[in-house]
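Asker: Residue numbers (the UniProt record's numbering), protein chains in the order written: chain F, 1 to 316; chain G, 1 to 352; chain C, 1 to 273.
Please keep in mind that the hints were generated in silico from the structure rather than gathered at the bench.
No residue lacks a Cβ here, since even glycine has one placed at the ideal position from N, Cα and C.
Be careful, since some hints might not be right.
Listed next, with one range per pair, are the computed distances between beta-carbon atoms [claimed, not checked]:
| no. | chain 1 | residue 1 | chain 2 | residue 2 | range |
| --- | --- | --- | --- | --- | --- |
| 1 | C | GLU57 | G | SER162 | 19 to 25 Å |
| 2 | C | TRP123 | G | SER162 | 34 to 40 Å |
| 3 | G | SER162 | C | THR17 | 24 to 30 Å |
| 4 | G | ALA172 | C | ASP122 | 18 to 24 Å |
| 5 | G | SER162 | F | MET235 | 44 to 50 Å |
| 6 | G | LYS248 | C | ASP185 | 29 to 35 Å |
| 7 | G | THR65 | F | GLU142 | 45 to 51 Å |
| 8 | F | SER149 | G | TYR340 | 43 to 49 Å |
| 9 | F | ALA270 | G | TYR340 | 33 to 39 Å |
Sample of chain C residues lacking proximity to chain G, with all beta carbon distances greater than 10 Å (derived) [what the hints assert, rightly or not]:
| no. | residue |
| --- | --- |
| 10 | THR51 |
| 11 | PHE62 |
| 12 | GLU73 |
| 13 | VAL127 |
| 14 | ASP231 |
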Amino acid sequence: MRTNSIIILLFLLLITGCSKSSVSMKENKDHTARVIMTDHANREIMFDDPPLRIVSLVQGDMEIVHSLGAEIVGRPTVSSEVLPKELADIEEVGTAHEADFEKIVSLKPDLIIGHAGLNMKDASTAEALGLKLFLTNSNSYETIIEVISMYGKILDRENEANEMIAEIEEKKSTIQTKPLNKKVKALIVYGTTDLFLAALPTSLSGNLLEIVGGENIASNLPGIDSYPDYAQLSMERVIEANPDVIYFITHGDPDAVKEKFKLELKSNPAWNKVNAFKHDNFNFLPYELFGTSPGPKVADSLSYLRESLESIATEK
Amino acid sequence: MGEPKHIDTERDIQILNSEKDPRTKKRFRTLFIFLLLCGIAIVYGVMVGSVSIPLKEVWGALFSTADTVEKQIVWDLRLPRLLTGLLVGACLAVSGALLQGVMRNPLADPGIIGVSAGAGLVAVIMMIIFPEYIHLLPLGAFLGALIATFTIYFIAWDGGISPLRMILAGVAINSLLGAVMSTVMILYSDRVQAVLPWLVGGLAGRSWPHFQIIWPYALIGLLLSIFAIKHANIMLLGDEVARLVGNKVERSRFFLILLATFLAGAAVSVAGLIGFVGLVVPHFVRMIVGNDYRFLLPISALAGAFLVAFADTVARSWFDPIELPVGILLAAIGAPFFLYLLRGGIKGWKMS
Amino acid sequence: MENVLVADQLAYRYTDTYCIQDFSISFNKGEMVSIIGSNGSGKSTVLRLLTRLLKSEKGTVFLEGKMINQMKEKDIAQKMTMLPQVNNHKLDLTVRDLVTHGRNPYLKWFEEPNAHHSTYIDWALSVTDLTKMQHRPLQALSGGERQRAWIAMSIAQTPNILILDEPTSYLDISHQLEVMELLEDLNRSLGMTIIMVLHDLNQAARYSDRIIAMKNGRVVRQGKPRDVYDDEFFREVFAIRASVHLDGDKPICTPTGLVKENKKSEWSNQKCL
């Protein structure tokens, strides 16, 4: 029995002894930095000088930073078609899911921009490498504006940032001053041929839909607010809510996704009562404007969605 | 019974009557080969990567004090990742070897005692619902593994543990935890993306902090497994004989399972759910050196270490610009290899 | 005579019709005893109860005067061991590896055998005449050699009491005698108490000081072979007719036929309560 207790003690010692968190901010607290910024993962990041060489794992943020005039030295691995010419040629450093730290280190960045949900796991590695990691999560119009303003401060380009914000806000208020002819009930489907998710008001596209005056049928469903940004909806609920238009966001083959979704709707006998079917209102939302954070293009996202809603509101 | 088989030539008779255990030479040779392979894996792993660094500079980076980018890549990225991979592989393989002995079942692996399901569930919940505590993920996954195993152990307990009941309880608990995990993943489908790399297992982005998490656990676990060798060997004689030579079978079994969980939990906590290593490596080693844990255990540790470290190097460098999670690569190699062992080698299974 | 192993009122129940109840027996130091009886008479169960592989529901086993339940596993294993009936033939071990396990009762959980233990291992190998084959894998041995290897492991424990469950089953006649002579030698030269279950009645008679006959979980007869073996005994215990004649003072029996009209005896068809 004695050996028993020794072993148990040993294990306990290990479990408790090794559990001390290895993540700690080693920043010097006495010293006052030029800017201290709290990112979306609630980490305080200090900046003495504006970062000059920036690696971004997030496309939208990269475009913001680029528009503010800072130098991007590493970009996420995404299809280059959706990027401005001058960004497409920049070195790729992997995705937010699998960042290639060897490449990142070799680019000697002053700042790495990551996704608050996906790149939190890389925080300890970045710290061990002495790299500054700033995490954002642009899941609404408000956060995009906030992120622009944060980069303005970090990069010491507040004027440019304020200009950018003013421009976007102006477009938004123009859109919002004019109400739609009539209510448009919309559903935004995010997915692949295997999985359809409805964008809730807390998601970026759901948020944009609300801003331009559309009515999100997913938000009227009972108990939906306890879910995060997207949720799986039963087709029965969709038919019951009777949307005027159904939007699709996908990075798969858009037509295949649309046909599969229609097929599933049609399995319910009441499908032909759905307004979206009457006018064949099954539209796509461009992935770079709605699927991921559009960054400075958020005004384009708003106008795109608004135009689409207007054309539906004027039908009969 | 009759006369001994396969004794055809005088040479065979000489071998049988030799002064030493005739397999000793082969066993030490295998041990040496895997030691060498581990060395090769380290050298190769330090040399290659998505940023190509000439060999001369790799050498310089390792031993110079200058703070260059090359030094950072080699010293802070490639080396800790390799060392982590070596430990993960060794832990998983030793864990699998112990479990196959304790359960007397060739298909036993860390998954069957709930390590994967327990760690997986905790990890999924932490990553999806409480992402702000993600820095505690390794600890959470480790505790999840331990709790799941204890649950299975106590459900299977009925005045003693029969390996069969433990396996059945394991299947039940695994599917229950799997169901809970799937539910969480469906309810939060938009965040599943963050979890997937962890669920298939990988070492991407691992650096010194991760190595610092695993090494104390791995060291203690591997050291304790030296003491497990004798007990694992006695267990092979069967419960009755083990008791008759004075072994407390239930106690030995409990500590062997605990040790296996501990090792697998340590591996899972930094590398995610890497499969097949715990199943295939001990199996493969057993075919070469036999069942004697004095050799099976250390050689499995080396073979597992080599496999994971080397496969991870391959996964991050051969498919550039894409980096595969090493778990996917191992499953892709492991599954067909296991089928091959099964077809050609089930006769070689000398356990039960 | 000193009683080295005493079972006092043991009870064990498999099913409602098959059980052992109120079972008491004792063994003397240096004795060579055979337990005989038909299949299902409870012989192996008794051996397992004596060696605490099965836990008795009632009663106690005393090993050299101590209650076995209060002894440590290793202390028991130093004094008494058993060779179970069918051993795993697929074990991937050499003879020496197997015999080395016999030293386990003398080792702490973290200890490996040292030179001191090696002398016992060498001794056990030489007694069983396996020294030359000590590095052969068990699989490369004949049945008799393999059985000797298992006995070598048991005697490496240097027990005072060695229990064997059908040590000669599945062996051809010369290997059977090889094993029996070895056991007799261990008994004569080392004074080891040997308790075995045997199926061969003539071997039991030839090598045992005492015969214990069991039926339906009870001892029905016991004593010197020549006192036990008679017509009544064979009819009662095995339901056969047999003629018995003496070779020296050892009885030899030749079965001559089954008993057709099975007279109800006081021991048959016992019900468990």
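Asker: Look at each hint and say if it fits the structure.
Answerer: Here is how each hint holds up against the structure:
1. C:GLU57 - G:SER162: 19 to 25 Å: 20 Å, holds
2. C:TRP123 - G:SER162: 34 to 40 Å: At roughly 36 Å between Cβ atoms, SER162 of chain G and TRP123 of chain C fall inside 34 to 40 Å, so the hint holds.
3. G:SER162 - C:THR17: 24 to 30 Å: 25 Å, holds
4. G:ALA172 - C:ASP122: 18 to 24 Å: 50 Å, violated
5. G:SER162 - F:MET235: 44 to 50 Å: 48 Å, holds
6. G:LYS248 - C:ASP185: 29 to 35 Å: For LYS248 of chain G and ASP185 of chain C the Cβ distance comes to about 33 Å; the hint holds.
7. G:THR65 - F:GLU142: 45 to 51 Å: 48 Å, holds
8. F:SER149 - G:TYR340: 43 to 49 Å: Distance hint for SER149 of chain F, TYR340 of chain G is violated at roughly 60 Å.
9. F:ALA270 - G:TYR340: 33 to 39 Å: 54 Å, violated
10. THR51: 7 Å, violated
11. PHE62: 19 Å, holds
12. GLU73: 5 Å, violated
13. VAL127: For VAL127 of chain C, whose nearest Cβ neighbour in chain G is about 18 Å away, the distance exceeds 10 Å, so it holds.
14. ASP231: Answer for ASP231 of chain C: holds, closest chain G Cβ roughly 36 Å.
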